[in-house]
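Participant: Residue numbers (the working numbering), protein chains in the order written: chain A, 1 to 526; chain B, 1 to 526.
FYI, nobody ran anything at the bench for these hints, they're computed from the structure.
Careful: at least some of the hints might be erroneous.
Chain copies aren't distinguished; within one or between two, either way the pair holds.
Unchecked claim - With a cut-off of at most 35 Å between alpha-carbon atoms, the simulated DSBU-like pairs for lysine-lysine come out as follows:
{"#": "1", "residue 1": "Lys10", "residue 2": "Lys30"}
{"#": "2", "residue 1": "Lys76", "residue 2": "Lys30"}
{"#": "3", "residue 1": "Lys45", "residue 2": "Lys250"}
{"#": "4", "residue 1": "Lys60", "residue 2": "Lys250"}
{"#": "5", "residue 1": "Lys76", "residue 2": "Lys132"}
{"#": "6", "residue 1": "Lys30", "residue 2": "Lys318"}
{"#": "7", "residue 1": "Lys243", "residue 2": "Lys45"}
{"#": "8", "residue 1": "Lys250", "residue 2": "Lys332"}
{"#": "9", "residue 1": "Lys332", "residue 2": "Lys30"}
{"#": "10", "residue 1": "Lys4", "residue 2": "Lys332"}
{"#": "11", "residue 1": "Lys60", "residue 2": "Lys4"}
{"#": "12", "residue 1": "Lys60", "residue 2": "Lys76"}
{"#": "13", "residue 1": "Lys4", "residue 2": "Lys30"}
{"#": "14", "residue 1": "Lys4", "residue 2": "Lys243"}
{"#": "15", "residue 1": "Lys332", "residue 2": "Lys318"}
Protein chains: 2
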Amino acid sequence: MVHKILVDGKWREAARPAGSFSAINPATGKNLPDAYPVSSWTDIKAALEGAATAVDGLAKSGPDGVAAFLDSFAEKVERRRESLAETAHRETALPAEPRLGSVELPRLIDQLRQAAGACRERSWCRATIDAKLDIRSKYGPLGGPVVVFGPNNFPFAYNAIGGGDLAAALAAGNPVIGKAHPSHPETTRLLAQAAWEALEESGLPPSSVQLLFHFGSDDGLRLVSHPSIGATAFTGSRPAGMKLKEAADKAGKPIYLEMSSANPVFILPGAVEERPAEIAGELVNSCLLAAGQMCTKPGLVIIPGNSSGEAFLELIRKAFEESEPAFLLGHKVLEGLREASARLARAGAVLVAGGREPGGPGVKFMPTLFRLSGEGFLRNPAAFQVESFGSLSLVVLASDLPEMVNIASALDGHLTGSVYSHSGGMDDAAYSAIEPLLRRRVGRLLNDRMPTGVAVSPAMNHGGPYPATGHPGFTAVGFPAAMLRFAALHCYDHVRPHRLPPELRDENPTGNMWRFIDGEWTRRSL
Amino acid sequence: MVHKILVDGKWREAARPAGSFSAINPATGKNLPDAYPVSSWTDIKAALEGAATAVDGLAKSGPDGVAAFLDSFAEKVERRRESLAETAHRETALPAEPRLGSVELPRLIDQLRQAAGACRERSWCRATIDAKLDIRSKYGPLGGPVVVFGPNNFPFAYNAIGGGDLAAALAAGNPVIGKAHPSHPETTRLLAQAAWEALEESGLPPSSVQLLFHFGSDDGLRLVSHPSIGATAFTGSRPAGMKLKEAADKAGKPIYLEMSSANPVFILPGAVEERPAEIAGELVNSCLLAAGQMCTKPGLVIIPGNSSGEAFLELIRKAFEESEPAFLLGHKVLEGLREASARLARAGAVLVAGGREPGGPGVKFMPTLFRLSGEGFLRNPAAFQVESFGSLSLVVLASDLPEMVNIASALDGHLTGSVYSHSGGMDDAAYSAIEPLLRRRVGRLLNDRMPTGVAVSPAMNHGGPYPATGHPGFTAVGFPAAMLRFAALHCYDHVRPHRLPPELRDENPTGNMWRFIDGEWTRRSL
Chain A
1 MVHKILVDGK WREAARPAGS FSAINPATGK NLPDAYPVSS WTDIKAALEG
51 AATAVDGLAK SGPDGVAAFL DSFAEKVERR RESLAETAHR ETALPAEPRL
101 GSVELPRLID QLRQAAGACR ERSWCRATID AKLDIRSKYG PLGGPVVVFG
151 PNNFPFAYNA IGGGDLAAAL AAGNPVIGKA HPSHPETTRL LAQAAWEALE
201 ESGLPPSSVQ LLFHFGSDDG LRLVSHPSIG ATAFTGSRPA GMKLKEAADK
251 AGKPIYLEMS SANPVFILPG AVEERPAEIA GELVNSCLLA AGQMCTKPGL
301 VIIPGNSSGE AFLELIRKAF EESEPAFLLG HKVLEGLREA SARLARAGAV
351 LVAGGREPGG PGVKFMPTLF RLSGEGFLRN PAAFQVESFG SLSLVVLASD
401 LPEMVNIASA LDGHLTGSVY SHSGGMDDAA YSAIEPLLRR RVGRLLNDRM
451 PTGVAVSPAM NHGGPYPATG HPGFTAVGFP AAMLRFAALH CYDHVRPHRL
501 PPELRDENPT GNMWRFIDGE WTRRSL
Chain B
1 MVHKILVDGK WREAARPAGS FSAINPATGK NLPDAYPVSS WTDIKAALEG
51 AATAVDGLAK SGPDGVAAFL DSFAEKVERR RESLAETAHR ETALPAEPRL
101 GSVELPRLID QLRQAAGACR ERSWCRATID AKLDIRSKYG PLGGPVVVFG
151 PNNFPFAYNA IGGGDLAAAL AAGNPVIGKA HPSHPETTRL LAQAAWEALE
201 ESGLPPSSVQ LLFHFGSDDG LRLVSHPSIG ATAFTGSRPA GMKLKEAADK
251 AGKPIYLEMS SANPVFILPG AVEERPAEIA GELVNSCLLA AGQMCTKPGL
301 VIIPGNSSGE AFLELIRKAF EESEPAFLLG HKVLEGLREA SARLARAGAV
351 LVAGGREPGG PGVKFMPTLF RLSGEGFLRN PAAFQVESFG SLSLVVLASD
401 LPEMVNIASA LDGHLTGSVY SHSGGMDDAA YSAIEPLLRR RVGRLLNDRM
451 PTGVAVSPAM NHGGPYPATG HPGFTAVGFP AAMLRFAALH CYDHVRPHRL
501 PPELRDENPT GNMWRFIDGE WTRRSL
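So that you can see chain A by itself, here it is in the shape it has in the complex (with noise of 0.2 Å):
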């Protein structure tokens, strides 16, 4: 049997699917005994043409319509959080516990609330009000749905059904078609199951979440680049997010791409002889962390290549060594390791533990660790800053401090980007040579602390220049900023006051949104 899709507020068979496919679960390597279609382009219009008739239902909804379905899926979802644990940890080997049940999925049910907070409250779409002038403006949903493209390393945070994506998207007014990463389709199918009762229990419009399992790359480029869409969240790896760039940019769609990262961390000198044992520790854990397969995953690490940063290595070395590899979420991830492992050693960097498979059941791969020059660095640097998702990271050692501030210059774009300094004053001429350059190359910044562990708040910046995404100016996490993406900026000139939306009236529809009135952020009415 093939399950089901959701198009259109109902769970169908796929019209005419282009084949089926199953998971595995990587902890045996063996198939999962379920089956889900591959979508046809048939589906893929009944999904466009049903989130159409929810882009008008939705504004009719309004505000408390959608917090309302964000709640209550919120809820639905805890009261599953067994089973949906069970599910992904099936689909992913990532651990039931604590990671799955205690982490990742009160993550999500977390996002949904406050999604729904800043929905209700209004102040992210910044009303502003010329009193004097009477032009008026605010954000507000693009017109069409948002498509999201989820990831394979959150089976819940970022799933392209209950994720940060969806939430926001949602959040901003706008319907979702979620497309499964094809490797956790069954926890997205739960997922779904419970989106589809709390659609109906809230009565939004039974097509603002849509939920196709997988489709063939040419019907993901045309969907993409669709006039009746409205915008795109992918998460993924660079070249299929580069494909997907190329198409939706061609037909002026805005697309949102988080799409690789090496997060640079610089330790610098002082740093290393205060206190190694305890960032090598901090390092080897974010390094490892649900085996390397982080977007932040310090993947790029910068250390003096003197004795001090050679003992220092040799910490890491060892504790890289005495790890236990832990399953990898698939066949993909494993080759891509094999690939970068056999890419960074072709370019000079040399493997100094891992490197191989431990053998014994299902997909593994040894933690991984390569050292290089600072020179050898420098003479390639794109070679040596594309993401190894996985357990691997590379360690350079930076003869002088010119040398380390020539690998900042030499850096391409980020998510993130770390720096150890010692904790008096020992590093900060070290610290000012670097910092500017690492700042305008990362989308965080971090001091004294590694990239991994991404807190959902309104001052995150989950995203960073190209090509870590596709734009500079905004991040996938964080309310309400991530709803930013999925906003047109609507100004009124002149428009009756009985027309206007109401975050754009004289009073304030909430009594407590922060609206910006004649240079003041304000909660009073006008």
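Position chain B against the provided structure of chain A, taking the given hints into account.
Facilitator: Leaving out everything else, chain B in the frame of chain A:
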């Protein structure tokens, strides 16, 4: 003698120029005497290198330094008011008074001062502090220059040197490389001279503002996709914008485009009945303002196809016929109007006024009006909503309300959309049917008001969905919003207090900057 370019703080001869060009005086159709270089890549490269040094220098100068420059620039422009207005008049044939000297130049000055104010006040950067998690973020400069391509139709307010894009880019902390519009090089040179003096006076890096007069289109594509630039701002024709967009998109470089708009105006049945002469007067004025060479000119007017509509059309037709043709900005605009007339006629619209050159000296075209049935429009909507730059508009007579609604549904993205309605409730049902469709297709929605006249207000949106611009979330006019185009989101995660930018430290750096602290917009310190 060929004029000098402004690169790296010096007025110098173009290196191995690809040629030279002169502007014309549109009132005579004859060439003006001065010659300006067409730069080769050597000059562009030098400008890129100059800009790279300015990036760090601007960070050191800080917001107060940039604001001092913008104010000083404004003052120097003000002191040259008469010579600037005369020069621009000679190059554009726009009236020296009041348009150039008393409307547009004061607008440029006001924009520079508003930008200086926003820069000094700092609230634009939306400092967001999560005190509990110690995560802080704000918008900051892009780390590379903003390349500005100015248009032909506003020699001051949108000039690559001194116009709104330069003001916004600099106020956000980015150096600017301006490319003059070749129809008003001398105006641009005089503005650059004022900028150059103001740079020296304010102590800003001398390469913060650079001027190239012209370069080949291949070099333009290379520039907007160059790894070291921050972003591009372009105002001009759709074909040129689309080429630049493609190149910038491929390189992952942000590009903000204002490419074209037909600015649909819907005049509902009750309004046509109630006040035909008043609305016709407003419409004709708006269509023929500056010979129709406005980005917000009503190019597409939808009226009821009944006898009142016919009478209304007759009022407009007469006014068009009786209007004196004004000088156009150049031969290209004239060619464009000839082509647009031929294109509309070929597609089935019927010429009812103008459509030809009047004869006599200078570059002119008769105010030109076409009519078309709603059915005719709906047969090929794409053909009838391309911008016809200049004094040419199309009136569509819709047979009934459903046809008007279908026309609204068939619209692409435009900068503005207007709806004229009965002053009582007579048109409310029609308004409710059309507004949601129009809302998502335009940046600025107007009621009972023509779209020409773009106020420099924080609530303005001079932008709109593709293909009017490249992204529906940004405005090119209005401070501080326009600055966000030229900004990256910078997050600081556990960065030590003394290493934070002043805007994100506990203490409010100005005492009155707005910051979003723990969910509240506030001016207090933490």
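Participant: Look at each hint and say if it fits the structure.
Facilitator: Structure-based check of each hint:
With identical chains, the CA atoms of Lys10 and Lys30 are at most 35 Å apart within one copy only, with a shortest distance of 31 Å there and 69 Å across copies. Taking the closest pair of Cα atoms, Lys76 and Lys30 come within 35 Å of each other only inside a single copy of the chain (30 Å); across copies the shortest separation is 75 Å, beyond that limit. For the homomeric pair Lys45 and Lys250, the shortest alpha-carbon distances inside one copy (20 Å) and between copies (28 Å) are both at most 35 Å. Taking identical chains as interchangeable, the C-alpha atoms of Lys60 and Lys250 lie at most 35 Å apart only when both belong to the same chain, with a minimum of 32 Å there against 38 Å between chains.
In this homomeric assembly, Lys76 and Lys132 come within 35 Å of each other (Cα to Cα) only across copies, at 29 Å, whereas the closest approach inside a single copy is 47 Å. Only within a single protomer do Lys30 and Lys318 lie at most 35 Å apart by alpha-carbon distance; the minimum there is 32 Å, versus 79 Å between protomers. For the identical chains of this complex, Lys243 and Lys45 are neighbours both inside a copy (21 Å) and across copies (30 Å), given an alpha-carbon limit of 35 Å. For a Cα distance limit of 35 Å, the shortest separation of Lys250 from Lys332 qualifies both inside one copy, at 29 Å, and across copies, at 27 Å.
Taking the closest pair of Cα atoms, Lys332 and Lys30 come within 35 Å of each other only inside a single copy of the chain (14 Å); across copies the shortest separation is 67 Å, beyond that limit. In the homo-oligomer, the alpha carbons of Lys4 and Lys332 lie at most 35 Å apart inside one protomer (26 Å), although the nearest pairing across protomers, at 58 Å, exceeds that limit. Taking the shortest Cα distances, Lys60 and Lys4 sit within 35 Å of each other inside one copy (29 Å), while across copies they are farther apart (59 Å). For a Cα distance limit of 35 Å, the shortest separation of Lys60 from Lys76 inside one copy, 24 Å, qualifies, whereas the shortest one across copies, 52 Å, does not.
In the homo-oligomer, the alpha carbons of Lys4 and Lys30 lie at most 35 Å apart inside one protomer (23 Å), although the nearest pairing across protomers, at 71 Å, exceeds that limit. For a Cα distance limit of 35 Å, the shortest separation of Lys4 from Lys243 inside one copy, 28 Å, qualifies, whereas the shortest one across copies, 43 Å, does not. Proximity of Lys332 and Lys318 under a CA criterion of 35 Å is satisfied intra-copy only: 27 Å inside one chain copy versus 71 Å between copies.
Violated hints for the displayed structure: none, as all numbered hints are satisfied.
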